[in-house]
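Enquirer: Using the sequences and the hints given, assemble the complete structure.
In order, the protein sequence lines correspond to chains U and X. If you want my numbering, it's the 1-based position in the first sequence plus 656. If you want my numbering, it's the 1-based position in the second sequence plus 13.
Keep in mind that the hints were calculated from the coordinates and are not lab data. Hints may contain errors.
Simulated restraints, written as ranges between beta carbons of each label pair [what the hints assert, rightly or not]:
id, chain 1, residue 1, chain 2, residue 2, range
1, X, Glu108, U, Glu741, 37 to 43 Å
2, X, His207, U, Asp890, 39 to 45 Å
3, X, Lys122, U, Glu741, 36 to 42 Å
4, X, Lys122, U, Pro737, 32 to 38 Å
Heads up, the beta-carbon is just placed ideally off N, CA and C, and yes, glycines get one too.
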Amino acid sequence: MKIGFFGGIYNNYLALEAAITDATARGAERLYCLGDLGAFGPHPDRVFPLLDEHNISCVQGNYDNSIGNDLQDCQCGYTDPRDNEFAQISYEYTYENTSQANRDWMRQLPPEIRFEVYGTRVLLCHGSPRKTNEFLWESATSTHFLNRLADEAEADLILGTHTGIHWQRELSGGRRFVNVGVLGRPENDGATNVWYTLIDFDWSGQGGTELGEYSVEFVPLAYDHERLAREMRDENLPDEFVETVLTGWWTTCLEVLPGKERRTGRF
Amino acid sequence: MSTAAQTQSPNCPTVPLSSLDELWFQVAGTRCNLECSHCFISCSPHNDKFGYLSLKTVRRYLDESVEQGVREYYFTGGEPFLNKEMVSILEAALEYGPATVLTNATVFKREWIERLRAAEDASTFCLEFRVSIDGPNSETNDPIRGEGTFERAVRGVGMLVEEGFLPIITMTRVWDDGDDQRVLAEFRSILAEHGYTRPRLKILPRLKIGAEAERTEGYGQFERITHEMMEDFDVSDLVCNHSRVVTDKGVAVCPILLDTPAAILSETLADSKRDFPLAYGACFTCYQFGAICTNPTSKPMEK
Ligand code: SF4
Ligand code: SF4
Ligand SMILES: [Fe+2]
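Expert: Pasting the structure below:
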C-alpha cells in the first residue's frame with residue numbers, strides 16, 4: 657500500500673494541487689500533511705478546500721499553532737534581525753488572509769498522528785516527536801539522538817518536516833527517520849521543483865518476519881512556479897521570496913541552516 | 014573570581030536535566046593564549062585551574078554519549094587549539110555526531126584546517142566554528158582581547174573561509190544595544206574584505222562573572238532567580254536543562270559556572286543527571302537571555 661506524505665505547504669496551493677495529482681497517479685491510497693499550511697506564498701485560504709476534498713489528515717505545524725492561537729509570530733525562533741523582518745512579513749500576510757473558520761480549524765490540529773501498517777508503528781510529527789518547532793537537520797542530528805527519540809516515542813518509522821530539506825537515516829533495530837521535505841518552496845539547490853515523499857508498505861509475510869517492509873521514495877515535483885511567482889508579486893509579497901520561487905535558492909531565514917547545508921546554497 | 018558568583022541563597026529553584034542533548038568538552042581547560050577582560054572563566058596563559066582533555070578521555074565520553082542519545086558536541090576552553098590533540102579530537106567527534114568548536118581563531122595552522130575540512134567532507138555531520146571577536150575594528154576589540162588580536166582573528170576567519178567553512182562570528186556586546194545595526198554593518202564590510210561575503214554574525218550578551226565582574230560591576234545582591242520567576246518560565250531556555258560539560262575534574266553542570274566547586278557533579282554522564290540549584294549570579298543572565306552559547310535548533314513553543 658502506498659501512502660503520500662506532504663511537508664510544509666507555506667500557502668503554495670499550486671504545488672499542493674500538483675502533488676495530489678502526482679501522488680494519486682503513482683498509486684497513493686492515502687495522503688497526509690505534516691503541518692505548516694501557511695507562510696511564504698500567496699492566498700492562504702486556497703489550501704484548505706484541497707485538503708478537505710482529498711481527505712488529507714494534517715499534523716499541526718508551528719505556523720498552524722501560531723495562526724490558530726493568534727500568536728505574534730511563527731515560532732521559528734530566528735534571532736537575526738533580517739530573518740525576523742522577512743518572517744514577520746509572511747506571518748502577518750498569512751494571518752490577515754486566513755479566514756476565522758480556517759484559523760479555528762488549525763487550532764485543533766493534533767501535534768502528531770500515529771498508525772500502524774503491517775506491524776510498523778508510524779509516527780507523523782512536524783519538527784521532532786518531542787517538539788513541534790525543533791529543527792532536525794541531516795548534518796546537525798546524531799544517529800544515537802534519533803534512536804533515543806524513537807525509543808521515547810515508541811515508533812518504528814518517524815516522519816517529520818519543518819527544516820525544508822528532505823533526508824532520511826536508518827536507525828537501530830530496523831527503525832528509520834524520514835524528513836519528507838516541503839511543498840512550499842524549493843530546496844535551496846538552484847532547482848525550482850519541490851519535494852514530497854511516497855512510502856510503499858509491503859506485506860511480504862515471508863521468512864516468518866513479523867514486520868512488513870517498506871520503501872521510501874523522495875519525489876521531485878514540478879508545478880507552475882511561474883504562476884506562483886506572478887501571484888506573489890500581485891499580492892505585494894517581497895521580491896526576495898519571488899526570487900526563491902524562480903531560482904530555487906533561499907534568500908531569507910538562513911540563520912537556522914547548519915554550515916554544511918548552508919554551504920551548498922547561494923546566500 | 015567574584016564573590017557574588019559564590020554566594021548561595023538557601024531556598025532557590027532547581028533545574029532538572031530533562032534531556033542530555035548537547036555535550037560540551039572543556040578541551041583546553043582554562044588555558045588561553047589571550048586574556049580577555051570579559052572572559053567569563055578568567056582564562057589566560059597561566060590559569061591552570063582546569064587542564065587539557067586528552068583524545069583518550071574525549072573518546073571515553075563520546076562512547077558514553079551514545080547510550081545517552083546526545084544530539085551534538087561542543088568544544089571550548091580556553092582556546093581549544095592550544096590542545097595538541099585538537100584536530101584528532103574533532104576528527105573523532107565527527108564520527109559520532111555534529112561538532113561545534115568555540116575558538117578565538119588566532120592560533121590556526123593551515124594544515125589543521127585542511128585536515129578538518131577533509132574530516133567534515135567524509136562525515137555526515139557538520140563541523141561549526143564559532144569565532145569570538147569583540148567589535149568590528151581593532152579600536153573596539155583590542156582593548157578587550159589584547160593588542161593585535163583583531164587582525165589575527167580576522168586572518169583566522171579568512172583561512173577558514175578559504176577552506177570552505179562558514180564560521181559563525183560571535184560578538185559579546187561591548188557597545189550600547191542601540192548600536193547593533195551599525196556594528197553589524199561595519200563587521201560585514203571588514204569581513205568581506207577578508208573574503209567572507211556571507212558572514213554568520215551573532216551578538217551575545219555579557220556574562221558578569223570572572224574577569225568580566227572586575228571589568229564592570231558584577232552582579233548585584235538581588236540579581237538571583239526566585240521561585241516566582243520560574244512560574245511560566247520555560248526551563249529549556251537554560252543550558253543546564255539539556256547539557257553537561259566534561260572537564261579534567263569530572264562532569265560539570267554547564268560551561269559557565271566552572272569556577273564554582275558545586276558545579277562539578279560526577280565522573281560519568283549517567284551520574285550527572287540530577288537537579289541543580291540556580292543559586293548563582295550567572296544563572297540570572299541565562300534566565301534573561303536564554304541558551305546563548307548553543308546553535309539554534311528551536312525556541313520554546315508558546316502553546
Ligand atoms: S574569552 Fe575566549 S579568547 Fe578570551 S581569554 Fe577567555 S577563552 Fe580566551
Ligand atoms: S549558569 Fe546558566 S546554565 Fe549554568 S547552572 Fe546557572 S542557569 Fe544553568
Ligand atoms: Fe515549521
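Enquirer: Work down the list of hints and note, for each, if the structure agrees.
Expert: A quick look at each hint next to the structure:
For Glu108(X) paired with Glu741(U), a C-beta distance near 39 Å keeps the hint of 37 to 43 Å intact. The hint said 39 to 45 Å for the Cβ distance between His207(X) and Asp890(U), and at roughly 42 Å that hint holds. A C-beta distance of roughly 40 Å is found between Lys122(X) and Glu741(U), which places it inside the suggested range of 36 to 42 Å. At roughly 36 Å, the beta carbons of Lys122(X) and Pro737(U) sit within the given window of 32 to 38 Å.
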